[in-house]
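There are 2 protein chains.
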Amino acid sequence: MGKLKVVVLISGRGSNLKAIINKCSKKNVLAKVIGIISNNSNASGLKLTGDFKKIIIDNKLSKKRFETELQNNLEKLKPDLICLAGFMKILSPFITKKWKNKIINVHPSLLPSFKGLNTHERALKAGVKKSGCTIHFVDESLDGGPIIAQVETSINKKMSSKELSEKILKMEHKIYPEVVSLFAKKRICVKEDKVIIKDEKKLNFFIKNI
Amino acid sequence: MGKLKVVVLISGRGSNLKAIINKCSKKNVLAKVIGIISNNSNASGLKLTGDFKKIIIDNKLSKKRFETELQNNLEKLKPDLICLAGFMKILSPFITKKWKNKIINVHPSLLPSFKGLNTHERALKAGVKKSGCTIHFVDESLDGGPIIAQVETSINKKMSSKELSEKILKMEHKIYPEVVSLFAKKRICVKEDKVIIKDEKKLNFFIKNI
Numbered sequence: 256m257g258k259l260k261v262v263v264l265i266s267g268r269g270s271n272l273k274a275i276i277n278k279c280s281k282k283n284v285l286a287k288v289i290g291i292i293s294n295n296s297n298a299s300g301l302k303l304t305g306d307f308k309k310i311i312i313d314n315k316l317s318k319k320r321f322e323t324e325l326q327n328n329l330e331k332l333k334p335d336l337i338c339l340a341g342f343m344k345i346l347s348p349f350i351t352k353k354w355k356n357k358i359i360n361v362h363p364s365l366l367p368s369f370k371g372l373n374t375h376e377r378a379l380k381a382g383v384k385k386s387g388c389t390i391h392f393v394d395e396s397l398d399g400g401p402i403i404a405q406v407e408t409s410i411n412k413k414m415s416s417k418e419l420s421e422k423i424l425k426m427e428h429k430i431y432p433e434v435v436s437l438f439a440k441k442r443i444c445v446k447e448d449k450v451i452i453k454d455e456k457k458l459n460f461f462i463k464n465i
Numbered sequence: 256m257g258k259l260k261v262v263v264l265i266s267g268r269g270s271n272l273k274a275i276i277n278k279c280s281k282k283n284v285l286a287k288v289i290g291i292i293s294n295n296s297n298a299s300g301l302k303l304t305g306d307f308k309k310i311i312i313d314n315k316l317s318k319k320r321f322e323t324e325l326q327n328n329l330e331k332l333k334p335d336l337i338c339l340a341g342f343m344k345i346l347s348p349f350i351t352k353k354w355k356n357k358i359i360n361v362h363p364s365l366l367p368s369f370k371g372l373n374t375h376e377r378a379l380k381a382g383v384k385k386s387g388c389t390i391h392f393v394d395e396s397l398d399g400g401p402i403i404a405q406v407e408t409s410i411n412k413k414m415s416s417k418e419l420s421e422k423i424l425k426m427e428h429k430i431y432p433e434v435v436s437l438f439a440k441k442r443i444c445v446k447e448d449k450v451i452i453k454d455e456k457k458l459n460f461f462i463k464n465i
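Going down the list, the sequences are from chains P and F. Residue numbers in the first sequence follow the numbering used here, run continuously in steps of one, and reach 465 at the last position. Residue numbers in the second sequence follow the numbering used here, run continuously in steps of one, and reach 465 at the last position.
Treat the hints as calculated values from the structure; they're not laboratory data. Honestly, I wouldn't trust all of these hints.
Copies of one chain are not kept apart here, so a pair can be met inside one copy or by any two copies together.
Unchecked claim - BS3-like cross-link-like pairs, simulated, lysine-lysine; straight-line CA separation at most 30 Å: (1) K440 - K413; (2) K412 - K440; (3) K278 - K318; (4) K412 - K446; (5) K425 - K456; (6) K352 - K319; (7) K302 - K413; (8) K412 - K453.
What you are looking at is a predicted structure, and each value in this text was computed from that prediction instead of being measured.
Only chain P is shown next, with the shape it has when bound in the complex (with noise of 0.2 Å):
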C-alpha cells in the first residue's frame, strides 16, 4: 500500500509541520510530507530538510494569481492530503472546491468558539473554563469547516496568553500528526458534512484534557 501523501501549507516557523514530519519517519505511519508550500519565503520552516519539494508563492500576488499558482502546484504534486499548518491566508472556494475533504487545519481554540485571530487574548477575556485545539476540515467558511478532532485544556485563570498559547501548541503537536496518521489508515471519512472516524472510541486522545 503507497503511502499518503503530504502536502503542508505555512507562514512561519512551521511547529506543526515539524510535528507531522516526526510523525511520518516512524515505521508504523502510512504517511509522507511530499511538498511545503509557504507564502513567506522567510518562514524558518523552509529550513526543514527532506525528501520533500519546497515552493514558495510570492504573498504579493494578487489573491487569484497566488490561487492558481498554488493550484498549479498542487495538480503537480498530487497530494492526497494537505495540512494548512499555521498558513497565514485564508483559502477561496476556488482552492477549497477542488479540494473538498482533502483539506485540513489546526486552529487553537475549542471551535466553533473564538475562530479567527487573538484566539487566547479572546478566551482569557472571555472567562472560559477551558480552551484547546480544533483540527478541522477546511471549507469556504472562516475556520467552520466539519470538526475532526478536539483536544482540551483547564484554563488557569492566572495564565498569561503566552502561557495558554504555548500549552496549546503543544498538544497541537500532539493531536495534529496523529490526525495525519489517522488519515494513513483510511479511518477518517466525511458523510453529509459530519466526519466519520473509524473506532473513535478507541481514540481516548480525542477527549483527553492533556
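Chain P is already provided as a structure; the job is to place chain F on it using the hints.
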C-alpha cells in the same frame, strides 16, 4: 445574616426554577426565591407553590412598556440576584445596566459557542466533541456576558438533539442552583468584567464531565 433574595424570570415550565427552589429549601443555603416573573401566563412554572410573589407581565406589551413594568416590579422586590431560567426575551440595556452584575442566565452550550437558539442542533451539526452549559452574567450582548461556570459533557455522535438537550438540562439543574448558593455565600464577584470565584479550585464541579 439575611438570605440572598432571588427573583427568577421564566417563560415556560421552569425546571431550573424548580431546581433553584429545591436548593434554597436546604438549611445550609442562604438564598430564597422571593419572586417569579413570567412573560407567559401559561408558563407551568407559575404553578409552583411557595412563599414568593408571582407576577405576569403581558408579553404583547411593547419592549419599552414591558421593561418599564419589569423594572417597577424589580424595584419593589429589591432582589439581590435575578436568575433568567428559560426566559425567552432579550433584555435591553435599560434593564441590564440598572441591574449590572445582578442578572445571571443559563445557556445550554459552552459559550461562546452556539449563542442564541437551536444550540443542540447546531452543536451536533458542527461535530463538536463536547457540549455543556454555561452560567453567565447578562449584559447587553446576546449570551455574551462574563462567564461564571461551565460544565461539559461528551457528545456521542449517535445522539439526537433531544437526547443531548435532556442530558444538558440535567446538568443545568445541578449547576444553576449551585451558582445561586455561591452567590449567597458571597463567593462570586466581578472585577474588570471578569468573574472571580473565591476558592474556585475547591469547586471541582466546574470542570467536571458529568
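The hints, checked one at a time:
1. In the homo-oligomer, the alpha carbons of K440 and K413 lie at most 30 Å apart only across protomers (23 Å), although the nearest pairing inside one protomer, at 41 Å, exceeds that limit.
2. Proximity of K412 to K440 under the C-alpha cut-off of 30 Å is restricted to the inter-copy arrangement: shortest distance 21 Å between copies versus 39 Å within a copy.
3. Taking CA atoms no more than 30 Å apart as the test, K278 paired with K318 passes in neither setting, with 32 Å inside one copy and 59 Å between copies.
4. Proximity of K412 to K446 under the C-alpha cut-off of 30 Å is restricted to the inter-copy arrangement: shortest distance 12 Å between copies versus 39 Å within a copy.
5. Taking the shortest Cα distances, K425 and K456 sit within 30 Å of each other both inside one copy (23 Å) and across copies (24 Å).
6. Taking CA atoms no more than 30 Å apart as the test, K352 paired with K319 passes inside one copy only; the shortest distance there is 15 Å, against 48 Å between copies.
7. Taking the closest pair of Cα atoms, K302 and K413 never come within 30 Å of each other, the shortest separation being 36 Å inside a single copy and 45 Å across copies.
8. With identical chains, the CA atoms of K412 and K453 are at most 30 Å apart between copies only, with a shortest distance of 12 Å across copies and 37 Å within one.
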